[in-house]
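Trainee: One-letter residues, chain by chain:
2 protein chains.
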Amino acid sequence: MIRTHIELLEYIEALNAKGLDYFKEETFEPKQVIIEENKRYSYVYIIKKGITKVYLSDENGKDFIQEFLSEGMEFGELEVFSGKPSFCRIESITNVIIYKISYTHFNRLLETDKHFNRLVLKGMAKKISYKAPRHSYQHSYPIEDNIVKLKEMYPEIEKVITKKDIASYLGITLRSLNRTLSDINHKDAK
Amino acid sequence: MIRTHIELLEYIEALNAKGLDYFKEETFEPKQVIIEENKRYSYVYIIKKGITKVYLSDENGKDFIQEFLSEGMEFGELEVFSGKPSFCRIESITNVIIYKISYTHFNRLLETDKHFNRLVLKGMAKKISYKAPRHSYQHSYPIEDNIVKLKEMYPEIEKVITKKDIASYLGITLRSLNRTLSDINHKDAK
DNA sequence: TGTTGAAAAGGACATTTGTCCCAATTCATA
DNA sequence: TATGAATTGGGACAAATGTCCTTTTCAACA
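Top to bottom, those sequences are chains A and B. Note that our numbering has the first sequence beginning at 22, numbered continuously upward. Note that our numbering has the second sequence beginning at 22, numbered continuously upward.
Treat the hints as calculated values from the structure; they're not laboratory data. On a predicted model such as this, the values are computed, not experimentally measured, just so you know. Be a bit skeptical, because a hint or two may be false.
One copy or two, it doesn't matter: identical chains are merged, so the pair holds either way.
[Claimed, not checked] Taking lysine to any residue and the SDA-like style, the derived pairs with C-alpha atoms no more than 20 Å apart in a straight line are:
1) K105 - I193
2) K60 - I149
3) K147 - R61
4) K170 - N138
5) K69 - T48
6) K45 - G71
7) K135 - V54
Sequences and hints are given; from them, build the entire structure.
Mentor: If you want it as structure tokens, here you go:
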């Protein structure tokens with residue numbers, strides 16, 4: 022549920038240690054919007070620390086959360102390849118430290134550094150692979166199974182992510198989530 | 022709904038024309054499984070012609086279709102980067118001609134051919150970008166809107182793709198799809 | 001300490017969607 | 001042409017989910 026890509030983060034920090042100055046740190050407090058929808062940016066971002074949510078809202082204000090991103094995950098890179106404006110909003114949940122790199126430097130690294138290139142490819146592969154089974158699973162199984170599964174994987178999740186966000190991630194309403202949670206508890210109690 | 026990546030296809034055919042023999046053609050009849058779930062392969066595939074579906078089935082036999090892929094879209098490339106076995110099944114819908122390239126050659130091209138490398142990155146970016154709004158939209162709007170939208174974009178879709186597949190793509194049952202379609206017709210009639 | 005607002009919980013009812021059927025139609029092919 | 005399988009369409013009912021609201025909890029802070 023909370024994606025990471027430690028390998029990429031470590032490699033970036035190794036590059037920094039070598040004296041490369043392409044990556045600039047920036048910090049965000051909780052609930053700040055880092056990237057808005059439908060705008061053009063000139064930086065690619067990689068999370069050093071903290072948790073962010075990637076989401077879309079419809080005109081009724083309903084959110085649908087695509088992913089929660091954490092250490093080593095990048096965002097803003099798709100726009101480099103597609104040439105299109107951003108299509109998701111990215112917002113910090115906790116305090117967040119990110120590295121940002123300009124499109125120019127990002128492209129240069131991609132072309133000159135094979136290892137970096139490969140890690141970026143790998144990062145994108147991660148994004149694709151996690152989405153497929155997730156959406157499939159959420160469609161095929163009752164909410165209850167999804168939540169049980171989620172709790173098994175991240176028992177502490179409610180301490181970091183609000184229920185509303187969990188519901189948006191599951192593509193359901195908060196009411197449904199609560200109903201299901203209390204059903205699960207009743208079953209456990211038996 | 023049916024993804025293409027013509028630029029990549031054209032580039033591959035240009036490479037072929039130059040005498041590069043990395044890409045081998047293979048043909049499939051309708052309803053053949055090209056890639057199974059959870060297996061290891063040693064080729065990356067690019068569609069030259071025809072339509073395929075990418076899907077997962079759960080143990081009850083319910084399918085969830087991720088995407089329909091057509092000209093220029095690749096598959097099997099994610100496994101090169103993740104090192105994991107395949108996670109989706111790929112099946113031909115129409116007659117399909119594909120180019121396949123071995124992992125070895127694929128990796129070599131990625132490293133030596135910047136343009137190819139960029140096109141692969143772009144292809145992956147496409148896969149990610151299309152998924153996000155799609156799943157969001159499908160969660161936030163009634164089925165009806167999804168279907169109306171789909172019909173606007175692909176008026177002839179039912180001639181190529183069965184209703185069952187359309188339903189699986191929308192993440193609903195065939196019954197729901199039919200119900201909604203007849204609702205739409207009744208509204209149109211008024 | 002009391003106030004306020006965000007987050008969480010849940011009641012009551014409406015709506016949507018799924019499940020389980022069965023019937024009609026199409027289509028490949030024996 | 002006959003046959004059976006796949007596809008399509010839809011009725012009736014059950015179950016899941018959403019909508020709308022109210023209440024509770026809790027932490028921040030004047």
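Trainee: Each hint should be assessed against the structure and marked as holding or not.
Mentor: Outcome of the hint check:
1. In the homo-oligomer, the alpha carbons of K105 and I193 never lie at most 20 Å apart, since the shortest distance is 29 Å inside one protomer and 31 Å across protomers.
2. In the homo-oligomer, the alpha carbons of K60 and I149 lie at most 20 Å apart only across protomers (18 Å), although the nearest pairing inside one protomer, at 23 Å, exceeds that limit.
3. For the identical chains of this complex, K147 and R61 are inter-copy neighbours only, at 17 Å across copies versus 24 Å inside a copy, given an alpha-carbon limit of 20 Å.
4. Taking CA atoms no more than 20 Å apart as the test, K170 paired with N138 passes in neither setting, with 34 Å inside one copy and 37 Å between copies.
5. In this homomeric assembly, K69 and T48 come within 20 Å of each other (Cα to Cα) only inside a single copy, at 10 Å, whereas the closest approach across copies is 46 Å.
6. Taking CA atoms no more than 20 Å apart as the test, K45 paired with G71 passes inside one copy only; the shortest distance there is 16 Å, against 46 Å between copies.
7. Taking the shortest alpha-carbon separations for K135 and V54, neither the intra-copy value of 32 Å nor the inter-copy value of 34 Å comes in at or below 20 Å.
Against the hints set out earlier in the document, violations occur for numbers 1, 4 and 7.
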